[in-house]
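**Q** Listed here are the chains, written in short residue letters.
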Amino acid sequence: MAEKDLIWRIAGGSGDGIDSTSQNFAKALMRSGLNVFTHRHYPSRIRGGHTYVEVRAGNGPVGSRGDGYNFLLTLGDSFARNPGEDAYYGDEEVKPLTENLDELNEGGIIVYDEGLLDEEDVAETDLEQRAEENDWHLYPVDLRGIAREYGRDVMRNTAGVGVTAALLDIDVSYFEELISASMSGDIKEANLNVLEDAYEQAQEFEHTHDWSAPEGDGHDEEQALLSGSDTISYGALDEGCRFISGYPMTPWTDVFTIMSQNLPKFGGISEQVEDEIAAAALALGASHMGVKSMSGSSGGGFALMSEPLGLAEMTETPIVLVEAMRAGPSTGLPTKPEQGDLEHILYTSQGDSSRVVFAPANVRECYTQTRQAFKIAYEYQIPTIVAYDQKLQGELRNVPVSFFDEEPNSDPGAVLTEEEIQEAAHHASGKFNRFQHDPEDGSNVSPRSVPGQKDGRFLATGNEHNESGHIDEDPENRVIQMERRVGKLADIREELDGLDTTHQTYKGPEDADYGIITWGSQQGTVFEAVDRLNDAGHSVKAIGVSDLMPYPEEDVTEFLESVDEALVVEMNATAQFRGLTQKELGRFGEKMSSLLKYNGNPFEPDEIVEGFETSIDDGELPHQRMKYVPAAGD
Amino acid sequence: MSAFSAIDEEREIDRDEFTPGIEPQPTWCPGCGDFGVLKALKQAMPEVGRTPDETLLCTGIGCSGKLNSYFESYGFHTIHGRSLPVARAAKLANPGVEVIAAGGDGDGYGIGGNHFIHTARENHDMTYIVFNNEIFGLTKGQTSPTSPKGHKSKTQPSGSAKEPLRPLSLSLSAGASYIARTAAVNPNQAADIIAEAIEHDGFAHVDFLTQCPTWNKDAKQYVPYTDIQQSDDYDHDINDRREAAEMMYETETKLHEGEILTGRYYVDDDRPSYGQEKRAIGEMPEEPLAERYFDEDADWDRTYDLIDKHT
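Residue numbers (my numbering), protein chains in the order written: chain C, 17 to 650; chain X, 809 to 1119.
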């Protein structure tokens, strides 16, 4: 059984170092030559509450969380360590053990901290009985005892890693290297001692399980471990973005933090401001001066940006906004993923919307599509939104280092130099015609000047305006300006369709009978399901859509025409993307059914398999985690 | 070489340059105080030596927002209450440009109050002119944040139950480093104060009393006024925060008793502007950020150099 993927789950209380431990664990396995993928699950609390991270590692491509998992390292809960809270949080200590059991696969391994967990508490649970039923292998270890012997209680996480390495035959030197590189002084020594002692103790255990971690085949080239937030930030920096303004909100805070830490080094400016209205308005102010700028937020904060977003559309001020979706409505599930903001992103703000929206599907696409978002925004003077979610924000994946060996691009797009301004059209009064009715070369983009340039004066206003920007309610002017602004979307669609690589991604045999359509972060999971379905004898292919506006009409039409039926998979309750597709294409309502999930957890591959089989049988789902909505007329 | 040759260009400047050829005649109501702001601003610009091409005027929404249409410069007529966040980022992006923001009392003290507080707190190097007519004019006469208690309007038929906001005191608490009040009926003082505000290195707040003859008929024309610097009755130290606070409180109270006090209330020349603070901690480049996009020799770092820590 050595070749199955390892899906290792570390569970404990928020504050127990679950995140940092899992990152190091993933990195160690990456260095050992495996592909890795992480999945985070955490509550909206500072300390306490149940949190876990899964690290999936294998030699095949791992583009999704797995189905269930096969190794549980449970530390117990730090919040319960506070003796003063015993009365209220009486059984919290044992929850990271008991609450994780439902998804543990048969034959799985459980390591728990018998130093922290009372023997009687464990005995009171049905752990023993369930272990027997499911062939689980229990390894109680005094992790706290080992941690205390060399350092502090919190080093229980390091002890757990040492035990894991011993039980799964993982070369412990990868962990030693990471600890040595990331820590220093007494802390480093203590952690190394804890690791070594735990590893040695666990090697002496009688191993009742008969499987180990897959041995890495090795990588052809050096790998890096990054999240979607890392690569959105890096894409922005490489595209010459040197200004960000924001207000903290989960999960958007990740990008804002990474940018704020790097921008000063890159000679840029980061501003944390009083609210999201200001955040978007500042980014507009900087962009108006010719600086490539961005802002962003999550659902509620993005709602506050609606009016500045409309101002960007009306004044044709380039801007890139990130929308890191989390489950709504309102405060919703602050730390859980959902794709429920699609319509919010597409349509928020008054009037007809003229904006571009990309939804990258993975760590690589976050980089390339963020770069594309800046190019489009500045070339076409249009707000561009990169929509991702709490899932993609936190999941780490290995990518070849060479992927990032790209040249930066500082081109500010359709901006004139002072020499060009002298040649450009002006109003008789001397004002620059920044909003020409019919810009040269048939384009809908009228190049801009920026304040401080000689003879470039114009007025930017949220009112309808004439060529030099002055407020103007003349019907003829109104129609011309509207058509030019909205017309840019067709031009952008044409440019995107002409690119060497489309933003839409395909999986499965071209001549398949059935299709699955998804968008954004669910792509990796859907693609894994497509492989399984074809292995099981079904004839299925999938398309992962990233261009949401302007809608990729040709790509999706071609896909839908080529299949008998299609299942649209998305993380929301009202089938928003399916609705968008019907609106944009004006047909296919009878071909598309929906598989929806909105319980706060992303899809697992087998759930999509199950949903697909339900859809072709027109049956019913066996449980309430998902919802199946048949096609029109079915 | 700068890509912005208008900045710090040495030449004679005529106040007529600030009258736009497209809309030379404002459409404000006859007798409106807004004319006074426009006139004072046009008069101040040549005094401070700034040209239309090196000036960015950001306005909010309302009668005051029309200032952008009647004042020749680069302009950004934003959305209701949001002139300040647009303006302050513009200043950070290109500190060489003269940035002036303007809006009404509803715009700045009501819907945009949060931005007013924080822009003052951060002490951005810019000028903020608030057209204070104690009323919502463009929407036809509703009670505003500075309307006096008891003020009757269509939306407050029994008279406002709210005490008016104290704009000068609020500005001082929030952190503005230049605070003055002037009135449309006092054009020379107004022009001097606006010139001083523009030259001040920090957030300069000018509460500009602008009578609304159409919708605030029972309100005063802001005459007779007293210039507290010219009057023998008042003698506060404008560099002293405590004395300034007392003088502001008295001024705000007396306004509704019919006595109009104007002048300079507080000046702190020592406090560094936000840009200076940010540069001091290494979070803002020495060269204007806007220049770099025009500089063919500029170095652009790339994130490939950051990837090592992820391996």
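It is worth saying that the hints were derived from the structure and are not from the lab.
Cβ atoms here follow ideal geometry from the backbone N, Cα and C, with glycine treated the same way.
One thing to keep in mind: the hints can contain errors.
[What the hints assert, rightly or not] In silico SDA-like pairs for lysine to any residue, Cα to Cα no more than 20 angstroms straight-line:
| # | chain 1 | residue 1 | chain 2 | residue 2 |
| --- | --- | --- | --- | --- |
| 1 | X | 1117 | C | 189 |
| 2 | X | 1117 | C | 48 |
| 3 | C | 470 | X | 996 |
| 4 | C | 281 | X | 817 |
| 5 | C | 281 | X | 820 |
| 6 | C | 204 | X | 1117 |
| 7 | X | 1086 | X | 930 |
| 8 | X | 1117 | C | 20 |
| 9 | X | 1117 | C | 470 |
| 10 | X | 1117 | C | 121 |
| 11 | C | 470 | X | 817 |
| 12 | C | 20 | C | 161 |
[Claimed, not checked] Rough simulated footprint, nothing fancy, chain C against chain X, three-plus residues with beta-carbon under 8 angstroms:
| # | region |
| --- | --- |
| 13 | 894-903 |
| 14 | 934-942 |
**Q** Each hint should be assessed against the structure and marked as holding or not.
**A** Hints, verified against the model:
About 18 angstroms separates the Cα atoms of residue 1117(X) and residue 189(C), which keeps this hinted pair within 20 angstroms; it holds. Annotation: proposed proximity of residue 1117(X) to residue 48(C) holds, straight-line Cα distance about 17 angstroms (limit 20 angstroms). The suggested pairing of residue 470(C) with residue 996(X) is violated, with an alpha-carbon distance near 30 angstroms, which exceeds 20 angstroms. Proposed proximity of residue 281(C) and residue 817(X) is contradicted: the alpha carbons are some 32 angstroms apart, above 20 angstroms.
Between the alpha carbons of residue 281(C) and residue 820(X) the distance comes to roughly 41 angstroms, so the proposed pair goes past 20 angstroms and is violated. For the proposed pair residue 204(C) and residue 1117(X), the alpha carbon gap of about 18 angstroms is at most 20 angstroms, so the pair holds. Of the supplied pair hints, the one linking residue 1086(X) and residue 930(X) holds, its CA atoms being roughly 10 angstroms apart against a limit of 20 angstroms. Taken as a hint, the residue 1117(X) and residue 20(C) pair is broken in the structure, with Cα atoms around 29 angstroms apart against an allowance of 20 angstroms.
For the hint linking residue 1117(X) to residue 470(C), the alpha-carbon distance of about 45 angstroms lies beyond 20 angstroms, and the restraint is violated. About 34 angstroms separates the Cα atoms of residue 1117(X) and residue 121(C), which puts this hinted pair outside 20 angstroms; it is violated. For a cut-off of 20 angstroms, the pair hint linking residue 470(C) to residue 817(X) stands: about 10 angstroms separates their Cα positions. Among the hinted pairs, residue 20(C) with residue 161(C) is inconsistent with the structure: their alpha-carbon atoms are about 32 angstroms apart, more than 20 angstroms.
Only residues whose C-beta sits within less than 8 angstroms of a C-beta in chain C count toward coverage, and the region 894-903 of chain X has 8 of them, enough to reach three; the restraint holds. Coverage of a stretch by a chain is defined here by at least three residues with a beta carbon nearer than 8 angstroms to that chain's beta carbons; for the region 934-942 of chain X and chain C the count is 0, and the condition is violated.
The structure shown violates the earlier hints numbered 3, 4, 5, 8, 9, 10, 12, 14.
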